[in-house]
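Single-letter residue listing:
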Amino acid sequence: MAVIEQLTQDFLRTKKLPHIWCPGCGNGIVTAALVRAIERADFDQKDVVIVSGIGCSSRAAGYLNFNTLHTTHGRALAFATGLKMARPELKLFVIMGDGDCSAIGGNHFIHSARRNIDLNAVIVNNHIYGMTGGQHSPLTPAGKKATTAPRGTLEREFDLLKLARGAGATFGARGIAAQPRQLEQLITRGAKHKGFSVIEALSPCPIAYGRRNKLGGAVEMLRDMKDSSISVEKASSMEAAELEDKTITGVLFSEEAPEFSEEYHKSITKENA
Amino acid sequence: MPESKPVLMQGNEACAVGAIHAGVRFYAGYPITPSTEVAEQMAVRLPDVGGVFIQMEDEIAGMAAVIGASIGGMRAITATSGPGFSLKQENFGYAIMAEIPCVVVNVQRMGPSTGVPTAPAQGDMMQARWGTHGDHPVIAFSPASVYETYYLTIAAVNLSQKLRQPVLIMLDEVIGHMREKVTIPETGKLMVEKSSSNVPSDWKPYDEKGLTPLVPFGFGHYYHVTGLFHDQYGFPTGDPPQVERALDRIHNKLKKYRDEIMFTNYIGHKEPRVAIVAYGCTVRSARAVVKKAYWQNRLPVGLLSLQTVWPFPDKEIEALAEQVDVIIVPEMNMGQIVGEVERYARGKAEVVPLNRYDGEMINPDQISEEVGRWLS
Ligand SMILES: Cc1ncc(C[n+]2csc(CCOP(=O)(O)OP(=O)(O)O)c2C)c(N)n1
Ligand code: SF4
Ligand SMILES: [Mg+2]
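Going down the list, the sequences are from chains A and B. 3 is the number that our numbering gives to position 18 of the first sequence; each next residue is one higher, with no gaps. Offset between the second sequence (1-based) and our numbering: plus 196.
Heads up, some of the hints might be wrong.
[Unchecked claim] Below, a list of computed lysine to aspartate or glutamate pairs in the DMTMM-like style, where the Cα atoms sit at most 20 Å apart:
(1) A:Lys0 / B:Asp427
(2) B:Lys466 / B:Asp521
(3) A:Lys0 / B:Asp398
[Unchecked claim] Pairwise CB distance ranges, derived in the manner of DEER restraints:
(4) A:His250 / B:Pro381: 23 to 31 Å
(5) A:Gly118 / B:His447: 42 to 50 Å
(6) A:Arg99 / B:Ser309: 47 to 55 Å
(7) A:Arg99 / B:His447: 51 to 59 Å
(8) B:Val245 / A:Pro243: 31 to 39 Å
(9) B:Asp244 / A:Pro243: 36 to 44 Å
Derived by calculation from the structure, the hints in this document are not laboratory data. For every residue, glycine included, the Cβ atom is placed at its ideal position computed from N, Cα and C.
Given only the sequences and the hints, what does the whole structure look like? Please build it.
Below, the structure is given as structure tokens:
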């Protein structure tokens, strides 16, 4: 453990701290889990690239000591696709908010999944547009309130991992900020998986989401998150009715399929030969 | 430079070939008439040189992927037309702000909106200048022939790399689809200006002291790239003096390298009374007019063609206005560049727009009629 804690420092731009996040925000927990996962995956620091979109969570890129690319809202995966195709040896982690990934970036998300390009998408799902002060996102649960849904949203939310799987992603996992060690392991597994990996990290936003929906402060939100979650292993022996309000955590799917950047570069070498 | 035999080539193809000869190894885009041939040519040719071609899910993604590849160290290009050009604007501005080299080709078609997809027009000239938000510098070239398309594409790639500034090639549909002879230098290798690969240990991505070459990701120089205003290491800042300095920085590099950016060409009478200022395919009709009026009839007529439209050739127009009574500006739009000509003529010469916007080219007769009016 001591070794990990120490090396983590190299991966943080400590001079850039303190971060901009509100007290009680889950972004710091998810970022820390990501850093430890990169450490565990044993990648060379110079090969690691962090790409992010726009949102509170995407600001994490600025605090991480790698080559970091903070892009435009929703487009992180498209930037990452270009970089990965140009430099397949690089290890890319793409941090996105729930709105960033599934609303404005939804198109890039499904197509990255379809291509099965070797990117590690880490989606910080706080069920809300945090940065702009609490508008509803496609991952806001139906009935929950937002500044743009003052009576509760009538829209149904995406199940991000079902969406990813349906679109062709080959690895999908869900973790929660309330269980950072598990989250770290999930990101590590995603990082080692060759293909498009989706890691959804549930994260509390007490300021723009919790307060309006009377969910309490960060402590209550984390506790509730933990109480309502259940591991995929336990869930497998339970009835659908029992699982209705549960968040299933763990690796939900992991499959092998040809990876796009590798296939592309193999194909052109063949043509050249 | 050893030259091979002339070949017959389409403008869009010349653009693709020029890009590859300038070292471009990455294309990402989305098909749209009349630019599609650029993508198709790249799809055929890039694998042969170990390059990457990828058809993205939309133009926004095409622009983003090109920037991503460029940060990875690959010279990269994308091509589109009207509606796609609109979609690219946000990320195009990102490339300007983050100083990531890339080339964007817009084979112009008639708009607004879906317009007439197959008809030529020069209606995107102001969008090229101001299409993305904020105060930003822009470089845009406008070729008048297939030959110019080839060479300006090479210039665009090199310049973009050197200045770390995206460069636009505003092709006309007519040029993109026209077949003409081009003499292509053997291999094209001589034309690639390689940026230095020895990086000093105190390298900074946005050095306050001036322009530094981009060190691609993955070589152990850990820096940040963002569309936010940033300091010399790339980290976000909202500090007013730093913000001002950062905006000056991206504008000043274009001023400093003006001579390398500005391509214009004058033909005709040494002491003209009537001048035509044109760009893109309209240059061809204007040239025919000057041929007849000056070369055959020795009339005081001349043509200043603008291969560089942005930044606007202000000094060139000022000098011309000192000499002539009138400047005629034929454009296949309702009058866009004419406003700039007027601005820099500063009242020294009359500036007359000559517009056509029915999806047809401006022909020489239209221009010579106007020229005749001013000569009599
Ligand atoms: C093109 C564009 N549209 C809108 C915005 C404004 N905007 C910034 S962040 C954001 C939403 C962020 O929500 P999410 O992606 O969930 O990230 P969070 O802040 O919750 O981490 C929006 C709408 C923008 N920056 N760019
Ligand atoms: S608004 Fe929410 S997501 Fe954003 S920093 Fe504050 S708590 Fe975190
Ligand atoms: Mg969010």
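Here is how each hint holds up against the structure:
no., hint, result
1, A:Lys0 / B:Asp427, "holds, 14 Å"
2, B:Lys466 / B:Asp521, "holds, 14 Å"
3, A:Lys0 / B:Asp398, "holds, 18 Å"
4, A:His250 / B:Pro381: 23 to 31 Å, "holds, 29 Å"
5, A:Gly118 / B:His447: 42 to 50 Å, "violated, 33 Å"
6, A:Arg99 / B:Ser309: 47 to 55 Å, "violated, 29 Å"
7, A:Arg99 / B:His447: 51 to 59 Å, "violated, 41 Å"
8, B:Val245 / A:Pro243: 31 to 39 Å, "violated, 24 Å"
9, B:Asp244 / A:Pro243: 36 to 44 Å, "violated, 22 Å"
Of the numbered hints stated above, those contradicted by the structure are hints 5, 6, 7, 8, 9, listed in ascending order.
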